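Chemist: Fit chain B to the supplied structure of chain A, relying on the hints for placement.
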Amino acid sequence: MKIAFELNGKARSLEIEPRETLTEVLRARCRLTGVKLSCEAQVCGSCTVLVEGLPVSSCTYLAYEIRDKRVTTIEGLADGAGHLHPLQQAFLDNFAFQCGFCTPGMILAAKSLLDQNVHASDEEILAYMSGNLCRCTGYLGILKAIRQASVELQRQSQGKGRNRESKREGANDTSNE
Amino acid sequence: MSDLNKSVVKNFAVVNHSVPRADGVAKVTGSATYASDITLERMAWAKLLRSPFAHAKILSIDVSEAKRQPGVVDVLTGNDLGTLHPYYGHAVKDHPLLAIGKVRFVGEPLAAVIGEDELSAQEALEKIKVAYQELTPVLDIKSALAPGAVLVHGMDYIGGAFRGFDDFPGGTKNICQAVHVEWGDVDAAFASAAHIAEGEYYFPMVYAYAMEPYVAVADYDPKGQLTVYSSAQHPFMVRHDLTEVFDLPLNSVRVIVPYVGGGYGSKSYTKIEPLTAACSWKTSRPVKLQLSVEEAFLTTRSDDARVNIRTAVDASGKLIAKQATIHLDTGAYAENSPMVCRKAANRIVGPYRFPNVRIDCLAIYTNTVPASSYRGLGAAQITFPVESQMDELAHKIGCDPQEFRLRNLAHSGESIHPGLRPIDADVPGDIRIAGETLRSNGPLAPKHGRSVCCSCSDAGAHPVTLAMVQVYADGSVSVLSGSTEIGQGSHTVLAQIAAEEMGVPLEKVRLVGSDTGVTLFERSTGASRTTTLMGRAVMEACREAIAQCKSMAAELLSVPASEFTEGRGGIRYGKDWLSWPEIIERYFQMEGCGIIGRAYLRRAGVFKAVPVFWEIGVAGVEIVLDEETGKISLHTLVTVGDVGLAIHPAMTEGQDLGAATMGLGIGLFEELIYEGQQLMNGTLLEYRVPRFSDLARRIELKLVENRDGVGPYGAKGGGEGSVNPIGACLANALYQAAGVRIRSLPLTPERVWKALQEKKAQASSAQRKSSGAPKIRAQTRAYKTRVPKT
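Protein sequences appear in the order of chains A and B.
Here this note's numbering is used: the first sequence runs in plain steps of one and ends on residue 948.
Here this note's numbering is used: the second sequence runs in plain steps of one and ends on residue 774.
Just so you know, not all the hints are guaranteed correct.
So the derived label-pair ranges between C-beta atoms look like this [stated by the list, open to error]: (1) 898(A) with 138(B): 26 to 36 Å; (2) 49(B) with 831(A): 24 to 34 Å; (3) 777(A) with 551(B): 32 to 42 Å; (4) 420(B) with 926(A): 55 to 65 Å.
Quick partial rundown of chain A residues pointing at chain B, CB under 10 Å, derived from the structure [said to hold, decoys possible]: (5) 817; (6) 867; (7) 872.
Since the hints were derived computationally from the structure, they do not count as laboratory data.
Note that the coordinates shown come from a computational prediction; the quantities given were computed from them, not determined experimentally.
Backbone N, C-alpha and C define an ideal beta-carbon position, used for all residues, glycine too.
Bound-form chain A, shown alone (with noise of 0.2 Å):
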């Protein structure tokens, strides 16, 4: 079957199997090997990926189901100019990995709390990534990495908000002229 989908930002289609899962057909067809797969039973989180902003567990979604939706992978997250992702960036900071294998759907769990709640508290945070599991750091790294990016975010969005007022004004005083 035929498939139409966006894929970290550009349109993609595909001819699938209908048996295929959403892992396969990332890793297999489109050559995304940064989403990771482990325990095949959605509880380690290592194959995470975003379909419409929310986090799925790849290996056991059927890849169908994401025609005509918007896939985030790993790969997708630094913008195209390079600069990663304040997330991966806090990773960097705080060691938040080692063996990296959980780290691209660490990061993609991660990034969809932050995008619902951009001022999670620690037990929110712990929470919500309890279905990601990491055998090598002992999640600390992990929680102060997301304490980072969660600060780093409300800068940028408060930052990106003065900008939004002062065109407004800007604007405001032109049509007042």
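Modeler: Below, chain B without anything else, positioned relative to chain A:
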């Protein structure tokens, strides 16, 4: 040689700083390549048929129908391995790459279907017809050791790449390895003892759960070149096994290990590489074998351990004797359990002064999943009994447990094992740091308990480590290292050392490896050895390159080397500063040129004494007990890393927390459970590992840097120590919180709750002087049978 360390300046430019990880950007952007991401042209896929029986003769295997299935390239069984040497193993060559003649555990591979794609291979598996004759399985240590027991092997095997395992008892007994350690007069010491503590402890069967399951991609060229991409920790040990299986010279087997998605010991030594290579050999195609996590559960686990241990003190509270019997359930094949057996026997002494010691350790074959290395290598199994008993003995003689330890710990420079390297760490100091950190929480609240425990491991494994650096005329440096980047940060740490030595910016250093066709020999990436041994080798290789640069400079300037002064990154001669790259450029008068510095470490010089170093594990916990449910949660976790010098402090702390968190998993919930022949919880749905929500409220990661190791700048390894003491910390803290002593891990809510009920029942029956509460007593019996007794 040790003056090499002391001569170094104290203010480091690059080492001892938490620089960005060399693999960082690749890992946060998804571009890091793991063996599971490798795809080759014309690559076929292998899937494995696994045994449904723990012990059975294979009467026949009919693969004719499977071979006819669409998309099937070929099928490989134990009957096809005639021209190979199909048994491998670095300690004992007892492991056939597919079952030959009989199967020895549920899940053992006995056939491989090679298909054009994964699905074709998978679907053809059920077309293979196998006729079995069931044999009596040996499912636990007790039946394995019983007189007249059925033999798991009953064959004689030869030793592998390791020397010293040729005395193999498995031909006539279910014993894979027997180790005896003894000094002093143990019987006389116990006879004269003022107090003795004695008990039996059980450490469970656990699974490392490296998130990347085992994977290999093999390409056997019939002209005699074999290339294997693998998730293996020790590429050179895998290469050795492959040369023997396929009868190839060393230069014809290339093992390449990209980034590894976690190991924790479970990816030590050879796993599926010979089988994958045999699939390629059979089909003349590159073949990928990617196991699932469920299959990884059936590939390697830890040895579970039943430990009987007695410890004696004299009237002054001084330790005078230890006697222990350790029984390890090694499963169906030896893998690295003979080494686990040796290490458990050595490590059970701990960092204490014992004038009299007698240890017997057996690695025992059973028809269960093979056991092998697990983080700590035998130390986690024995530290739980040792450090539980230290607390029990302290309580018996009315001494504070920390005070009791301090009274008996060996100090830096003292010997704990006759003939071995003296202790190169400050264990009493480490214990004090952990204790003070816990006490800073203030007075102990009700239902809270605290404990600090320690372990001491003869670490580093056998010191054979070779390294090479290339120093280029443009100022860039390549480090060629056979150490595997498994997440521990070796690519970063080794680059830091090269940048420190060569005086170049860190960004100018690139790591190359692991690739046995390119990098020099490194025995293994394990036993916490990489910083100490490979780090030292890289440092010496840089110094060799510098010595060459100095000779070149002397020739260029036509002055003896004594006329100029060496600085970091080059030489000063009069007013002129000449950097190493400039010297290389001028010497060869050729752009793009570079030189090689190399170092060969072996068991000589500072590495003559064994072990390479003593790896200390010191950790402390404060727990909170919910008496209603028996649930233990962690209030505070303290680790103390006695690492000589932290080349990268943040990653060193990360290793300690990661190891302690694995210890927490074993301490509180992890256990593989067999019911009869069958592993009952071999999936992540049923096997609970630590999650975000298990994070301690307060985490303190302390580093002690006395520069007392033989590694670069006085560094020593870390990364395993903290896993060892956690189980005993939890059990001791539980005793402080609730007065119950549990001698089996994990301390699940069920097990703790039952122990609390038993204590209550005993208290009330003592009060009422009646037998009382029959219901609770029945539950107590059920709890006791859960822990099998020898």
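Chemist: Each hint should be assessed against the structure and marked as holding or not.
Modeler: Okay, the hints, checked on the actual structure:
About 54 Å separates the C-beta atoms of residue 898(A) and residue 138(B), a value inconsistent with the hinted range of 26 to 36 Å. Between residue 49(B) and residue 831(A) the beta carbons are some 31 Å apart, a value that agrees with the proposed interval 24 to 34 Å. Roughly 57 Å separates the CB atoms of residue 777(A) and residue 551(B), a value that falls outside the hinted 32 to 42 Å. With their beta carbons about 38 Å apart, residue 420(B) and residue 926(A) fall outside the hinted range of 55 to 65 Å.
For residue 817(A), the suggested interface contact is upheld, since its CB lies about 6 Å from the closest CB of chain B, less than 10 Å. The interface hint given for residue 867(A) is met, as the beta carbon of that residue sits about 9 Å from the closest beta carbon of chain B, less than 10 Å. Look at residue 872(A): its Cβ gets to within about 3 Å of chain B, closer than 10 Å, so that hint holds up.
Hints 1, 3 and 4, counting from the list given before, are not met by this structure.
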